[in-house]
Amino acid sequence: AQKITQTQPGMFVQEKEAVTLDCTYDTSDPSYGLFWYKQPSSGEMIFLIYQGSYDQQNATEGRYSLNFQKARKSANLVISASQLGDSAMYFCAMRPPGLGQNFVFGPGTRLSVLP
Amino acid sequence: NAGVTQTPKFQVLKTGQSMTLQCAQDMNHEYMSWYRQDPGMGLRLIHYSVGAGITDQGEVPNGYNVSRSTTEDFPLRLLSAAPSQTSVYFCASSYSAGRSSGEQYFGPGTRLTVT
Numbered sequence: 885a886q887k888i889t890q891t892q893p894g895m896f897v898q899e900k901e902a903v904t905l906d907c908t909y910d911t912s913d914p915s916y917g918l919f920w921y922k923q924p925s926s927g928e929m930i931f932l933i934y935q936g937s938y939d940q941q942n943a944t945e946g947r948y949s950l951n952f953q954k955a956r957k958s959a960n961l962v963i964s965a966s967q968l969g970d971s972a973m974y975f976c977a978m979r980p981p982g983l984g985q986n987f988v989f990g991p992g993t994r995l996s997v998l999p
Numbered sequence: 056n057a058g059v060t061q062t063p064k065f066q067v068l069k070t071g072q073s074m075t076l077q078c079a080q081d082m083n084h085e086y087m088s089w090y091r092q093d094p095g096m097g098l099r100l101i102h103y104s105v106g107a108g109i110t111d112q113g114e115v116p117n118g119y120n121v122s123r124s125t126t127e128d129f130p131l132r133l134l135s136a137a138p139s140q141t142s143v144y145f146c147a148s149s150y151s152a153g154r155s156s157g158e159q160y161f162g163p164g165t166r167l168t169v170t
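Protein chains in written order, with the numbering used here: chain A, 885 to 999; chain B, 56 to 170.
Treat the hints with care, as some may be off.
One side of the interface only, derived from the structure: several residues of chain A facing chain B at Cβ under 8 Å [what the hints assert, rightly or not]:
no., residue
1, Gly917
2, Phe931
3, Gly990
A few chain A residues facing chain B, derived, Cβ under 10 Å [as the list claims (entries may be wrong)]:
no., residue
4, Ile888
5, Gln890
6, Pro914
7, Glu928
8, Tyr934
9, Ala972
10, Phe975
11, Ala977
12, Asn986
13, Phe987
14, Phe989
15, Pro991
Which stretches of chain B does chain A cover? Using the computed rule of at least three CB atoms under 8 Å from a CB of chain A, they are [stated by the list, open to error]:
no., segment
16, 59 to 65
17, 100 to 113
18, 156 to 162
Calculated directly from the structure, the hints in this document are not laboratory data. The beta carbon of each residue, even a glycine, is placed where N, CA and C say it ideally should be.
Extracted from the complex, chain A is given alone in its bound form:
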């Protein structure tokens, strides 16, 4: 069964600095998708970035990048130049192959950006 692990329950970062949020996953499928979502205190889930298991390059979306190390089964989120608005819960998720597309979510990391 697929599993996502996020070992950092909480993280602090100074404004304008970069921060890495860890995510490791467990799957025996060769094809899968990895996602990061942000959940601010208002509660909505916001899609940030996607990495396919066969993608050769690490995904980037603005200040977000995904450090994908397939052999280590890790998909860490890097946020550059942190802003106060980045304070939120961050969830790593995996979508296995197949019609069901049952996303598996990690427990989340709460990021606090300090002024």
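Knowing the structure of chain A, use the given hints to seat chain B on it.
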């Protein structure tokens, strides 16, 4: 384009009552799903659907029913509410993975309290 809408936003039920959480999307997505979010546990899949007339169970289906008579709507029914069903419920939708990265779009959530 409203995206994914959920009603109600908040609900308080007494033990044993039943109710339906509504979910609708206007993006013509094939895949829809319901999650519950409990503190420290990320999101757990309750039920999902890969198209109209097709539904299946997720990780925590007990006590919930779903149906999908149209592409747009995917209601979640609580049959006999229990305090253990106190949670935040999210509906999500996406294209199938073959058409895009398959990221899920989430509704704003329903906060349910069962007393």
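Hint-by-hint comparison with the structure:
1. Restraint check, Gly917/A versus chain B: the minimum CB separation of about 6 Å is within 8 Å; hint holds.
2. At about 5 Å, the closest approach between the beta carbon of Phe931/A and any beta carbon in chain B falls short of 8 Å, and the interface hint on this residue holds.
3. A distance limit of 8 Å between C-beta atoms decides the matter here; for Gly990/A the minimum to chain B is near 6 Å, and the interface restraint holds.
4. The criterion of a C-beta within 10 Å of any C-beta in chain B is met by Ile888/A, whose closest approach is roughly 8 Å, and the hint holds.
5. With 10 Å as the threshold, the beta carbon of Gln890/A comes within range of chain B, its nearest partner Cβ sitting at about 8 Å, so the hint holds.
6. At its closest, the beta carbon of Pro914/A sits 14 Å from a beta carbon of chain B; the interface hint therefore is violated under the 10 Å criterion.
7. The interface hint given for Glu928/A holds, since its Cβ lies 6 Å from the closest Cβ of chain B, which is under the 10 Å cut-off.
8. Nearest Cβ of chain B to the Cβ of Tyr934/A: about 4 Å, under the 10 Å cut. The hint holds.
9. For Ala972/A, the interface hint is violated, the least distance from its beta-carbon to any beta-carbon of chain B being 14 Å, above 10 Å.
10. For Phe975/A, the interface hint holds, since its Cβ comes within 10 Å of a Cβ in chain B; the closest pair sits about 6 Å apart.
11. Look at Ala977/A: its Cβ gets to within about 8 Å of chain B, closer than 10 Å, so that hint holds up.
12. Because the smallest distance between the Cβ of Asn986/A and any Cβ of chain B comes to about 6 Å, under 10 Å, the interface hint for this residue holds.
13. Checking Phe987/A against chain B by beta carbon gives a least distance of about 6 Å; that is within 10 Å, so the hint holds.
14. Taken as an interface hint, Phe989/A checks out: its beta carbon lies about 4 Å from the nearest beta carbon of chain B, inside 10 Å.
15. Hint on Pro991/A holds. Least Cβ distance to chain B is approximately 5 Å, under the 10 Å limit.
16. For the segment 59 to 65 of chain B, the stated coverage by chain A is not satisfied: 0 residues place a CB nearer than 8 Å to a CB of that chain, which falls below the threshold of 3.
17. Counting residues of the segment 100 to 113 of chain B whose beta-carbon sits less than 8 Å from any beta-carbon of chain A gives 5, enough to reach three: the coverage restraint holds.
18. Only residues whose beta carbon comes within less than 8 Å of a beta carbon in chain A count, and the segment 156 to 162 of chain B has 6; three or more means the coverage holds.
Comparing the model with each numbered hint stated earlier shows that hints 6, 9, 16 do not hold.
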